[in-house]
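> The numbering used here numbers the first residue of the first sequence as 1 and each following residue consecutively.
Calculated directly from the structure, the hints in this document are not laboratory data.
One or more of the hints may lead you astray.
Label pairs and their in silico Cβ distance ranges [what the hints assert, rightly or not]:
hint	residue 1	residue 2	range
1	Gly198	Gly81	45 to 55 Å
2	His153	Pro90	45 to 55 Å
3	Asp124	Thr83	17 to 27 Å
4	Arg151	Arg107	51 to 61 Å
5	Thr125	Arg147	20 to 30 Å
6	Thr47	Pro127	21 to 31 Å
7	His19	Arg69	19 to 29 Å
Since the model is a prediction, treat every value here as computed from it, not as a measurement.
Idealized CB from N, CA, C, for every residue including glycine.
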Amino acid sequence: MPELPEVEVLVRHLGPLLHGKRIRAVAVLRPKLVRPATPDEFARAITGRRFASLGRRGKYLVFTLHARRGGPALAMLGHLGMTGRMQVQPARASLPRHAGVVFDLGRFRLVYSDTRYFGRCTLDTRPLAELGPEPLGPEFTIADFARRLARSHQAIKVRLLDQSLVAGVGNIYASEALFRARVSPRLAACRLDARRVGSLWRSIRAVLAEAIAWGSTVPLNWDGAGRGDGVFYYGLAPGTRDYYEERLLVYDRAGQPCPRCRAPIQRIVQAARSTFFCPRCQRGRQ
DNA sequence: CACCATGTTCCTTG
DNA sequence: CCAAGGAACATGGT
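With the hints as constraints, model all of the structure from the sequences given.
As structure tokens, this is what we get:
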């Protein structure tokens, strides 16, 4: 499900639902998801605690759990991998097919499900230390972005997927940001001039901010039933098809006309991932 | 059967 | 030590 905007919208949705709720029990149906802790250690550490707050860092959900009898508060990380979902549902509803971790909240429960089980739900917060700046925060500056890019000979599209450069940009929004900035995905990072760096910096922020705004207003089903259950890459929430047609400009649009110049959008493979771009609007190293 | 998929991590090679 | 590339992880859709 997730790149930064999808996680952000999910966090805004879940936060109020979880606030103050006590975790009565935890069922780990997929032990792999809570590594490196064992399911037992995981459950023991959080059972009985209440949710204090929910935040986001890059593509990670950061749950803060209240302290237990004078002890320290505890942070729990959620990462949705490619296909992870999180939802709050009535305790008597049927569990989603690939439920991995279930938090019993009394009348409700928080369910983490994931068809491919690439995600994580863990007390190990070390991954946060590896992340680069939040692209929408004040610590993401053009100067620092430029310095980091200047050190790399890797293609700029591949660089953008490195979470230590900027946190939260994934395969979809990397293509979208480069298209918006009119920068070729194949251009070596160190060869972007100052103008392009500035343009890309602004485009990353704009693309992410617009996606958050869109996902916040569009009707989404959070029960995990429909196709629009918090996923808005493909804009499949009911009644939003028209709007969706204009949302992602190049991603998954190989062969379709570029919305700016009508040249066919091209798909290439970089670092084993698809990249979509307009070979005419995004020049340099074709 | 083939190929593709929103992400991260680990291993190998240079 | 670092950079870069590729496979692996597991399941489903087309």
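> 19 to 29 Å was suggested as the range; check whether the CB atoms of histidine 19 and arginine 69 agree with it.
holds, 21 Å
> How does the Cβ-Cβ distance of arginine 151 and arginine 107 compare with 51 to 61 Å: does it lie in that range?
Hint holds: Cβ distance 53 Å, inside 51 to 61 Å.
> Evaluate the given range 45 to 55 Å for the C-beta pair formed by glycine 198 and glycine 81.
With Cβ atoms ~33 Å apart, the hint is violated.
> Do the beta carbons of histidine 153 and proline 90 sit within 45 to 55 Å of each other?
Taking Cβ atoms as reference, histidine 153 and proline 90 lie about 53 Å apart, which means the hint holds.
> Between threonine 47 and proline 127, does the C-beta distance stay in 21 to 31 Å?
At 23 Å between Cβs, range holds.
> Is 20 to 30 Å a correct range for the gap between the Cβ atoms of threonine 125 and arginine 147?
holds, 27 Å
> Are aspartate 124 and threonine 83 spaced within 17 to 27 Å by their CB atoms?
Holds, since aspartate 124 and threonine 83 (Cβ atoms, about 21 Å apart) stay within the stated range.
The structure is inconsistent with hint 1 alone, although it conforms to all the rest.
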